[in-house]
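Residue numbers (the numbering used here), protein chains in the order written: chain G, 68 to 493; chain Y, 68 to 493; chain E, 68 to 493; chain F, 68 to 493.
Among the clues, some could well be false.
Given that identical chains are not distinguished, each listed pair holds provided it fits within a single copy or across any two copies.
Said to hold, decoys possible - Each computed DSS-like pair below joins lysine-lysine, with the alpha-carbon atoms no more than 30 Å apart:
1. Lys311 x Lys199
2. Lys311 x Lys112
3. Lys486 x Lys199
4. Lys486 x Lys206
5. Lys206 x Lys112
6. Lys112 x Lys199
7. Lys486 x Lys311
If you're looking for bench data, these hints aren't it; they were derived computationally from the structure.
All values derive from a computational prediction rather than experimental measurement.
Protein chains: 4
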Amino acid sequence: MFTAQRLHDLNQPLQAEHQLQFQYLADLLSRRNQDAQEVVRELVKFQVAIPSWALGTGGTRFGRYPLGGEPRNLEEKLGDVGLLHQLNGSSNSISLHIPWDIPQDIAGLEQLQQEYGLVIDSVNSNTFQDQKDQAFSYKFGSLSHTEPAVRQQAIQHNIDCINYGRQLGARTLTVWLADGSNFPGQQHLRRAYLRTQESLAAIYEAMPSDWQMLIEYKPYEPHFYSMVIPDWGTSYSLCQSLGKNANVLVDLGHHLPNTNIEQIVGRLQQFGRLGGFHFNGSMYGDDDLTTGSIKPFQLFLIFNELVDAARDTSVTNPLVAYMIDASHNTKDPLEDLLQSVENILGAYAKALLVDREALHEAQETNDVARAEELLRDAFLLDVRPLVAEAYRQSGGALKPVQAYRAAGVREQLIQQRGKRSVSTGL
Amino acid sequence: MFTAQRLHDLNQPLQAEHQLQFQYLADLLSRRNQDAQEVVRELVKFQVAIPSWALGTGGTRFGRYPLGGEPRNLEEKLGDVGLLHQLNGSSNSISLHIPWDIPQDIAGLEQLQQEYGLVIDSVNSNTFQDQKDQAFSYKFGSLSHTEPAVRQQAIQHNIDCINYGRQLGARTLTVWLADGSNFPGQQHLRRAYLRTQESLAAIYEAMPSDWQMLIEYKPYEPHFYSMVIPDWGTSYSLCQSLGKNANVLVDLGHHLPNTNIEQIVGRLQQFGRLGGFHFNGSMYGDDDLTTGSIKPFQLFLIFNELVDAARDTSVTNPLVAYMIDASHNTKDPLEDLLQSVENILGAYAKALLVDREALHEAQETNDVARAEELLRDAFLLDVRPLVAEAYRQSGGALKPVQAYRAAGVREQLIQQRGKRSVSTGL
Amino acid sequence: MFTAQRLHDLNQPLQAEHQLQFQYLADLLSRRNQDAQEVVRELVKFQVAIPSWALGTGGTRFGRYPLGGEPRNLEEKLGDVGLLHQLNGSSNSISLHIPWDIPQDIAGLEQLQQEYGLVIDSVNSNTFQDQKDQAFSYKFGSLSHTEPAVRQQAIQHNIDCINYGRQLGARTLTVWLADGSNFPGQQHLRRAYLRTQESLAAIYEAMPSDWQMLIEYKPYEPHFYSMVIPDWGTSYSLCQSLGKNANVLVDLGHHLPNTNIEQIVGRLQQFGRLGGFHFNGSMYGDDDLTTGSIKPFQLFLIFNELVDAARDTSVTNPLVAYMIDASHNTKDPLEDLLQSVENILGAYAKALLVDREALHEAQETNDVARAEELLRDAFLLDVRPLVAEAYRQSGGALKPVQAYRAAGVREQLIQQRGKRSVSTGL
Amino acid sequence: MFTAQRLHDLNQPLQAEHQLQFQYLADLLSRRNQDAQEVVRELVKFQVAIPSWALGTGGTRFGRYPLGGEPRNLEEKLGDVGLLHQLNGSSNSISLHIPWDIPQDIAGLEQLQQEYGLVIDSVNSNTFQDQKDQAFSYKFGSLSHTEPAVRQQAIQHNIDCINYGRQLGARTLTVWLADGSNFPGQQHLRRAYLRTQESLAAIYEAMPSDWQMLIEYKPYEPHFYSMVIPDWGTSYSLCQSLGKNANVLVDLGHHLPNTNIEQIVGRLQQFGRLGGFHFNGSMYGDDDLTTGSIKPFQLFLIFNELVDAARDTSVTNPLVAYMIDASHNTKDPLEDLLQSVENILGAYAKALLVDREALHEAQETNDVARAEELLRDAFLLDVRPLVAEAYRQSGGALKPVQAYRAAGVREQLIQQRGKRSVSTGL
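If we strip away everything but chain G, and leave its shape as in the complex, we get:
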């Protein structure tokens, strides 16, 4: 949608100020023996997947307020992600949700992927909703259901997801199991776990050996007494029983109040079981807000763990899948996603600028105030010039949201797709 010339034109008036700010920061970092360009190179490489289901307006059970121009099919979803990737150079992949994104025209999709420079990142199964013409209902569970036939249907759905994903080059299956119970007594807690374990093993068995399965956890919602996989400990135990290609997925909104998420991230890396992230922002629960909008310091601390582990050769964690999982009720979804990616890149940049050697020394000598200051020092830096420079070097916009608005993208999408187009999904 954006030609290189168009982006160049949009960047032109901002270029001088950007150059000034970037140069100042590069000099400042250089005086600290840090290399701005090296950080920029890392940012340019960093990619975070966009969820197909976040391209349309989300909402709560109380209502939705669509704004129009939403993608009506998988092809248009690729188009939207391609557009984001043009703007920020950091969104080269897309997470699919089956059955919302069942591919029809594989060849056409492959061509679109090439055109936009996109890959398919992960396939997400959905056994938390009943689909039309489905033989059995998931009202009382899917992979954990008491009836073998329902479990088999849910297993098969996951295998179908793998097959769709293989056609498009994906190599990750993400399982968020919404099974649980609303009342004490409703579900036999141990048996529900065992049935789930058995079902996951059947899916794992059917998974190609170069795939990985990511297992999410969530303490509540859609069930409000118990969830079969409520915490990282349960996900971890399931992964242990499945094999080395099963790993834990951390969704930032899936924790009880006050959880220290960065510590969970550290633990999982140490166990070699951190499979991936669903980034979003949370104040109360699974709020699915813009990543970094509510707890920017937490986001930085998470990236601090990631960078620290990445530099520690004793850590043998697999490649981590970075994905956004958000829902937008009041913002333009595409603006929200651009903001999320920007906040993620900022947190990553800051984590890269932590003086780890000095921090290590302060930690080893229990110099509490100094250790804290060393972390804060990186957090307090204004790294926006580094992020903007990464955009620029990727051929994107210095200020993606501003460019998106200036180019009137939403208006064009509404014209093309209509005011009432509603993206498939929740």
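Dock chains Y, E and F against chain G, hints included.
Same frame as chain G, now just chains Y, E and F:
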């Protein structure tokens, strides 16, 4: 739906055992100088309103699993509540939700009310969803919206609610204001409050002097950074500014983790500002589960405050409106409501059996263990025979859920209304 | 302190009423095909350990209000527990805390144990406080400390605990590791875990093969950013790495808000890793209140899991150690402990009365309302006559707190030990 | 302790880099039409009171780890605060705690105040601990106690506090009422409130008309079932009943999980009832960590409310008292306080740099993403050069913690006061 004969027949096989249990408990209480029949009389008088929107299957943003036979219009909703009232004699009123329950045939409805022995309890306005053909959207708020025209529309909707209610004999307007913001900065917190205050004043002004306005509070959802009325303090301050006919409504699910709700109930009664309840069960947030299903002791402690205040002549609180507000995803809605009412009656019965004189003395002398034991003593009593006796004396079923099932009510409703009938509402 | 005659005399005036209530309940249960005497037999067998540190007044950082008569040494602590055991027949063991309870006169202690019918249940190490003349401070950690010498000191302390315990016949070492950090950056999260793992392995190595190590977890306090062992997942992973004699200890107050603890209990039993409990009551955090005083339904649901697993031959969990861990600021500690044991026995009795066959069927057929009702049915029973009968059959008091008061125990203890005696401990 | 020359020498090697950074930021702000010097002027004026009780090592109920050199009397406490004020020019006042800080030598203290440029900010009463030789115990409450004599003692203590404060020029009484209950039933919730109200009225009556009373709230600890003043609504209602010189004090750690504190701040300002702050950092509850160490964005959002209200002429809130209330277990208390003040100044500087006109416009037009970006834009700025410049202009150190360490202050204090000196207080 149930004739007196039918209920008598259903009770018949349970009668002997009931009589045995009731007599035992009456004797036991009598030895404690407590009068079982007096408690039963209180229970018979106690009525809790059924929300029209809880007669159909609810759900979360992730999916719903309707079970069929749901009421398709206001007349059928009255029918369902009438049926519940036949079974338990404690559900003689219904809360309406506008626009889901706009009455069409007033005379017909009045006749139905008489037939079922029902009254309309409260009218609930809805400015958290956009209705078709609505001039302005509530995407960015209603009574707190920045635009006067949107506020005016929302004010007018509330006035319409009052007018609908007047036609049906209601005298309470319940305002749950879902306005809020998802991101820091989105909303000017003070101005949003002031606009809300002004809007509520306009509605209050239009309200007949024998009506009361109930103002709910809720800390989050549908908005996840701030809600305009997040806590009892805000509701209370608004009521103070409006006048004596505005009071606070406490929804058991609308609190932050670990809140001592019974203390809030006590405070509001003391201030003469407790207007009513939305009863439901909650483990995490606004889970809308069966009342008493998760925290039965808390429910008892709330009733303990209510009974205590009712017997304290220095407390000048207005009549409290008892209403259920729940949502049912996995249970039959009518069974859920019968259970909720039963749990409420049980908590009330236990609260009536607290030895308040002894408790008072233990409190005044700081005999902690004894004060606690006195409360627990009432809580630990098995008061089910009292509740069953109240059902019986009201002409209902000794075991309402059992009778409901034995009579095959749901199957009949499905036959009448269809497998796919979906109740209006969320 | 109580002779059999004295207890008999105290029971005498209550006996007739007790007999009446017990007989009624036994008849009622019999009509349900349940055997009251069988439940009583289980209750008589059930023993819960009393923590030596809960025999004196506890408190918060803000102050303490000792009431006098507190045990001044280990011998007097045994005396207090012996007295509790006389009263309720359910407290035949004591948990020690080293260094607060270092035994001096082993032979004398053994004799006291025999006299009171007590065993030593578990030895608890303490590396969260600095003891006078200790070579290294635990200010910055113990088993996780950055300095090998500090870790070695903490390891040795745990080994000392084992040795003290062996002298007294204990076979359990309980490790609550208070290590953690107050600020982001203070502690390297992965390295702290690895050092802890290594230290625990050294202790485990030194532990006799017929001992078990219980590893507690706690999300916060005394550290407020991170704890090295914050959750069951971390405890579990450590146990896995240590061996089959290391198991997880669940303290009811050591969870984040809204945690479903009974599910954790179920998981751990399923993994064969539930080692024991620290029972107490909690509204906000580690409040250390009387067990069952705040969330009696939760306590029942926990026992429901325990009973369910005990009857499931596929579960191969080791024997679970039942211990109280509480702190008393406003109640007489001994009254508090009597109440705690009573609440525990009540929850256990109710769990024994769940109709598991019917529940199983309801669960398998997803009859949600019925499954819930089956659990609630047991919870709502007034089982106090069963608990009292168990007391009676054990030779204790029908109403232990009442007997304790009637006998003027506290007054005598104050006379013997003084108004200002302060128990060792926190 | 620091001469101007000493501070100059310590600043000297940092001066060039500071100048470079400050000039760059001033230029950048100038291009945004913002005036760095104006912000610096505001920062120079800003003063936050240091609590006398935070000058020594704090701790939890589990243990303390004093580091030595703690002030042994009020004079030495003034000395410590004087030293902080020399270093940062922002700590010109001290909060006293009675009875820990009962002044003996008024004239001497006045001279010290003059010497150090300090004022006494607020006097804090303490009725949560029993003092030696106190007639009645506060075990079961103070201002809310059931016994009039105990209440009278607590009232008198507060009046004594006022009198001590008058001698030293204070004009604020801070009341943190720790009264509450640990068990349901222990306290009659309504009567406890009424007794408290009456007691506070007696104190208010005795307070000079140019004083203000600040009423804190706290949801739990030291009591774990109910606190008499648990939330802002209760504080507010008490202030309303007392008069215009009673206002609410917000302690950042005194809230339930997930509370939106900045909204409470906004509400109270709007009601003209925000009296002051106790700043500290919190992850779980009343953790009393370094201000801004855990949730820096929240601290900024609070200052955003403060600055916004300060510029709004329709807001008629009294002067807000800014105080720190923290406890230090692992850090040097003085370093912790320097960090806290620095974080507060940083948050204030950022709040001053919000483009309020643009924000207002974005809010009024519901441009959500832009409104959010405008706030974040200020938050992401690295304002440390502004804070350092404020220190410099106040005659302090460019980097106070660094200067404190370079000067070997703690070592000197230990030499003067001893390794085992323990500050009065908790």
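Of the numbered hints stated earlier in the document, which are not met by this structure?
Hints 1, 5, 6, 7 not satisfied by this model.
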